[in-house]
Amino acid sequence: MISTFAYELSYWQQTVLRVVGGLVAVLLPAGSFVYLYLFKMMSFMQSRLGPMEAGPYGSLQLLAEVGKFAQKEDLIPERADRMVFKLAPYVVLVSTFLMVIVLPAGPDMLMSNFDVGIYLALAVSSISVIGILMAGWSSANKYSLLGSLRATGQLIAYELPLVLAVVGVVIQAETLNLQGIVFAQAEGDIFGWGGIGNPFIFTQFIGFALFMVAIQAELTQPPFDMPVAESELVTGYLTEYSGMRFLMFFIGEFATAGVFSAMAAVLFLGGWYVPGIDPNSDWFNLLGPAVLFGKMMLVSFFIFWFRISYPRLREDQLQRLAWKVLIPIALVNIVATAVLKVVF
Amino acid sequence: MAMPGMIKGLGVTMKTMVRTITQGADTVQYPNVKEEPTPRARGVIALHEENCTSCMLCARECPDWCIYIEGHKYLAPPRREGGKPRQKNALDRFDIDYSLCMYCGICVEVCPFEALFWTPEYEYSEPKIADLLHDKAKLGQWMETVPDFEDYEAGSEAKKLTVPK
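From first to last, the protein sequence lines stand for chains V and B. Per our numbering, residue 1 is the first one in the first sequence, and the count goes up by one each step. Per our numbering, residue 1001 is the first one in the second sequence, and the count goes up by one each step.
Source of the hints: derived by calculation from the structure; they are not laboratory data. Any given hint might turn out to be false.
[As the list claims (entries may be wrong)] Some chain B residues close to chain V (C-beta under 7 Å, calculated; not the full set):
no.	residue
1	G1009
2	L1010
3	T1013
4	T1016
5	M1017
6	T1020
7	I1021
8	A1025
9	D1026
10	T1027
[Stated by the list, open to error] In silico BS3-like links for lysine-lysine, alpha-carbon gap of 30 Å or less:
no.	chain 1	residue 1	chain 2	residue 2
11	V	K68	B	K1034
12	B	K1128	V	K68
13	V	K86	V	K68
14	V	K72	B	K1128
15	B	K1128	B	K1138
16	B	K1034	B	K1136
17	B	K1165	B	K1034
18	V	K68	V	K142
19	B	K1088	B	K1165
20	B	K1073	B	K1165
21	B	K1138	B	K1034
22	B	K1008	V	K324
All C-beta atoms, glycine included, are put in the ideal place defined by N, C-alpha and C.
Pulled out of the complex, with its shape left as it was, chain V reads as follows (with noise of 0.2 Å):
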């Protein structure tokens, strides 16, 4: 991360830079997906205006939230398991810190150039799991152990897929390190084209759209909310929690929504690159998170967008989706991709 600056950053200073790096990576877009997505193109999509009080056009509303949230009494039930409960919050929100740390948003803006990085983001990423069953068998209600349950069941269908569909990348970018596959779209061609380089959406689409829908039911979007399925399960693992500890799930949630589709764009848009400019030019350590975070914006319009349209799935579809169709699509893409490697 360092490397480039003129001088050398002490060791303290470095961590100063990476927490606050890492908070603005978490914030930033779990803020703007709550206000741009959830408040405003969701109210436009039903043609209403969303909130429109706080600030200019309800651009303070967020703020207005936290504060309410801030005000709540923290309750916890008479017998739950009290400390498993208090800490399942903090759990969902270290998986989603931790996928942070593998993220490249430039040549040399990344936390850690770890070789395994796609590896290691999604292995973290299922951290989340163990939080929501922490949550749902702490809390001493059938409803949040009904829909911890679902959500286990349904992130661990839907890993597979997600790991699946990124095997095909890795194939192609002969590398696990996510500045690797950057660096390998920035620095291929289509058919000897190298004008926009190569970014794997085009020869892995499957793959991005096994990816898109994988993340969906990851992040138990709509349509895959069963787990908080509220005709039928009140709001499942959340049922029991207020206040501050319900917004760090809030909050965990919408930040591994952008912590996925900063991924999704690394994966198959191309990350930080944009054409034009040489990948190893230093302009990309400015301009390198602005287009990541773009391209992860673009991503996460689709995902809320398919939020918004759809109506939830059964479970026993769910299910169904999950090992009778993406899976085996996903293993048909890999000896696919993995063919026409060795052929081409």
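Using the hints, position chain B against chain V.
This is chain B only, laid out in the frame that chain V set:
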């Protein structure tokens, strides 16, 4: 396959978003802009006290029993010299509890003497639920907001009634 329908669904939401951004929303920003109530809107029930004979039909038909009527009989002086004094009904209390009312309008329908009317006013929420009990005087004040009856359908022979104000 469900794909064509799913793509169509995405089109509906996208079209609605573009329409909302370019032409404005279907909703209005309520406290700043007031929506025009639809014709024959059921906002609140007004009482024209002179027409009420305290016959209790409305109170008995009310599914929620949210109408409270108390009255007494009194003898009015005879109309002609030497006649019998006439018996009349005085309305002491006529309350509608809007915290119970479900706006079915049966009381308005059932009133044989045209004493109850719908009005489209809707801004009468109260901080205290007990204040939603509207008494005779308050129900009488709503009379000012009763709109004229709409025209009957074309070719109707019936004489159009007027709202007693």
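Taking the hints in turn, this is what the structure says about them:
Taking 7 Å as the C-beta cut-off, the interface hint given for G1009 (chain B) holds, the closest approach to chain V being about 5 Å. With its C-beta approaching chain V no nearer than about 5 Å, L1010 (chain B) sits inside the 7 Å limit, and its interface hint holds. At its closest, the beta carbon of T1013 (chain B) sits 4 Å from a beta carbon of chain V; the interface hint therefore holds under the 7 Å criterion. A hinted interface residue such as T1016 (chain B) counts as satisfied when its beta carbon comes closer than 7 Å to some beta carbon of chain V; here the least separation is about 5 Å, so the hint holds.
The closest approach between the C-beta of M1017 (chain B) and any C-beta of chain V is roughly 4 Å, which is under the 7 Å cut-off, so the hint is satisfied. For the restraint placing T1020 (chain B) at the interface with chain V, the shortest Cβ-Cβ distance is roughly 4 Å, inside the 7 Å limit, so the hint holds. The beta carbon of I1021 (chain B) is positioned within 7 Å of a beta carbon in chain V (closest approach about 6 Å), and the interface hint is therefore held. Interface hint at A1025 (chain B): satisfied, since its Cβ lies 5 Å from the closest Cβ of chain V, which is below the 7 Å cut-off.
Nearest Cβ of chain V to the Cβ of D1026 (chain B): about 4 Å, under the 7 Å cut. The hint holds. A least Cβ separation of about 4 Å between T1027 (chain B) and chain V falls short of the 7 Å threshold, and the interface hint therefore holds. Pair hint K68 (chain V) plus K1034 (chain B) holds up; C-alpha atoms about 28 Å apart against a cutoff of 30 Å. Annotation: proposed proximity of K1128 (chain B) to K68 (chain V) holds, straight-line Cα distance about 24 Å (limit 30 Å).
Annotation: proposed proximity of K86 (chain V) to K68 (chain V) holds, straight-line Cα distance about 20 Å (limit 30 Å). Pair hint K72 (chain V) plus K1128 (chain B) holds up; C-alpha atoms about 23 Å apart against a cutoff of 30 Å. For the hint pairing K1128 (chain B) with K1138 (chain B), the CA-to-CA distance comes to about 16 Å; that is within 30 Å, so the pair holds. A threshold of 30 Å between alpha carbons decides the hint, and for K1034 (chain B) with K1136 (chain B) the separation of about 28 Å falls inside it, so the pair holds.
This hinted pair checks out: K1165 (chain B) and K1034 (chain B) have alpha carbons roughly 25 Å apart, not beyond 30 Å. Only pairs whose Cα atoms come within 30 Å are accepted, and K68 (chain V) paired with K142 (chain V) is accepted, the gap being roughly 27 Å. A distance of roughly 22 Å separates the Cα atoms of K1088 (chain B) and K1165 (chain B); the hinted pair therefore holds under the 30 Å criterion. Proximity of K1073 (chain B) to K1165 (chain B) is assessed by CA-CA distance (about 25 Å); at most 30 Å being required, the pair is judged to hold.
At roughly 23 Å between alpha-carbon atoms, K1138 (chain B) and K1034 (chain B) fall within 30 Å of each other, so this suggested pair holds. Between K1008 (chain B) and K324 (chain V) the CA atoms are separated by roughly 25 Å; this keeps the pair inside 30 Å, and the hint holds.
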